[in-house]
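Kindly produce the complete structure, drawing on both the sequences and the hints.
Going by my numbering, the first residue of the sequence shown is number 1, and it counts up by one from there.
Since the hints were made in silico from the structure, they are not lab data. Check before you lean on any hint, since a few could be wrong.
[Stated by the list, open to error] Computed spacing ranges between beta-carbons, pair by pair:
#1 G19 <-> K43: 35 to 41 Å
#2 R37 <-> T407: 36 to 42 Å
#3 T321 <-> V8: 17 to 23 Å
#4 D97 <-> R396: 54 to 60 Å
#5 R158 <-> D97: 24 to 30 Å
#6 A288 <-> A553: 27 to 33 Å
#7 A17 <-> V94: 41 to 47 Å
#8 Y118 <-> T397: 51 to 57 Å
#9 S2 <-> F197: 21 to 27 Å
#10 L75 <-> L20: 28 to 34 Å
#11 E317 <-> N247: 18 to 24 Å
#12 N196 <-> D473: 25 to 31 Å
None of these values were measured; they are calculated from a predicted model. Glycine included, every Cβ here is placed at the ideal spot set by N, Cα and C.
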Amino acid sequence: MSPVLAGVLQLLALVAALGLSYRPLGDHMARVYSSERHLRPEKWIYKAIGANPSVEMRWPAYLRGVLAFSAVSVLFLYLLQRVQGSLPGSLGFVSIDPDQAFNTAASFVANTNWQSYYGEQAMGHVVQTGGLAVQNFVSAAVGMAVAVALVRGFARSRTGELGNFWADLVRGTVRILLPIAVIGALVLVACGAIQNFSGIHEVGQFTGGTQQWNGGAVASQEVIKELGTNGGGYFNANSAHPFENPNGLSNLFEIYLILVIPFALTRTFGRMVGSLRQGYAILGTMAAIWIGFTALMMWTEFAGNGPAFEIAGGAMEGKETRFGIAGSSLFSVATTLTSTGAVNSFHSSYTGFGGGITMLGMQLGEIAPGGVGSGLYGMLIMAVIAVFIAGLMVGRTPEYLGKKIGTREIKFAACYILVTPALVLCFTAASFVLDTPANSMTNSGAHGFSEILYAFTSGANNNGSAFAGLNADTQWFNSTIGIAMLLGRFLPMVFVLALAGSLAEQTPVPKTAGTLRTEKPLFTGLLVGTIMIIAGLTYFPALALGPLAEGLAA
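Now the structure itself:
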């Protein structure tokens, strides 16, 4: 079987698995977030944190809950790392330095999981399982809660109430993420991923000595790493490490985990707003971009020029032979079009255009299908922009799902789409103005520029993957990327929740002959075009200096 055919079959198998999960999971999540019933374990949690899950919140109160919970999480995870050397199960590792502890705490709470350290050489069992893995669950649940709040904004009328943050957080964790994670961890163990609490031990006899490995609860952390679109690996090699991702089957399963909730949330959206066709329109937009990027990545990596590429069957540098070009391309597109950031190959070793595709996937806003929650609310913001543009074209007040998109709403949407590019481009520019950050680059020229542009693109978009080649474990990068991750996560949430509150207060507008049919394929095409144009106008000059220049020079 040719590698290209194998890649096509993997893609078809993945589409089939996602299709089978779409309806039951999407409907289940709609029931979870619409239910008025509280499970007994959930009641214990509410009692422990002193929350009343039955009290409805307006958007400022909902936002305060998001920010308060996240601030406490950052502080807890920071302190846990700072005292690691005194904790049992630390495997002899010392406490983490302040700048790196801040960077890591901000990273995992912001659902970014950017790592400027070697996991197997820095973090013990307590920090890995009691700190990082816990944040993988709750940071994902926070994103889902914000997305559901925005959906309620579209679904409700003449009220500013968006639900209860604490109920949404707990339900998302207990009823959605935990059950899937338990089953997924068993699948990964069956595939060969490790799950233990063993210490450091020597493996084999090599030239010059032995090699040391430590065990860990890898399978359970790996499953929520992918399911929650987090991305932080137990080991530095991330999902290229055989303990995390042993073979082709586990690789395909992990890609499925990355995509299943973001895609299924479109059905949840359709259920909650009372129109499944609206959910299908959003699904079609996400799927069109994802399949297009996947096909383009496979073509780019299989079609490398030169004798080395021809002998290897394509651009195999930096890719695991057990996954090949197809498995690596599928994974890289899935992880950069979502906010996952996990890697099973070396993105810096991709062809110039291939590296640009991974970067552009993040720069779209990671909305195809995006992170858990963040992908849906990001796509809905783009839908608001698209109907606004359509309204300008015909001279009619734009409407979406029966809600008028007026001055206030479009300001919130515009602020949302401006925050992340401003963080990426300003921090990248500052890194080249100052001498010290630029000295962290391994490469010069276009590829060196891409290293820094990718780092801030990944951080501000809450992705967490790295172009590698960049020494990011410095005070400058630990601090600035940490700031970019926090602002890139929580500032957009402010505008999302403010928009949700504004929409929920409106009186529905009845449909007329002039109403834009947003459930039709025509709107899906408009939405895809809007996304690509906005990203192109924003990032094309920067991409031209980096991956495009490198690709054209190859």
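**Request:** List in ascending order the numbers of the hints, as given earlier, that are violated by the structure.
**Result:** 5, 9 and 10
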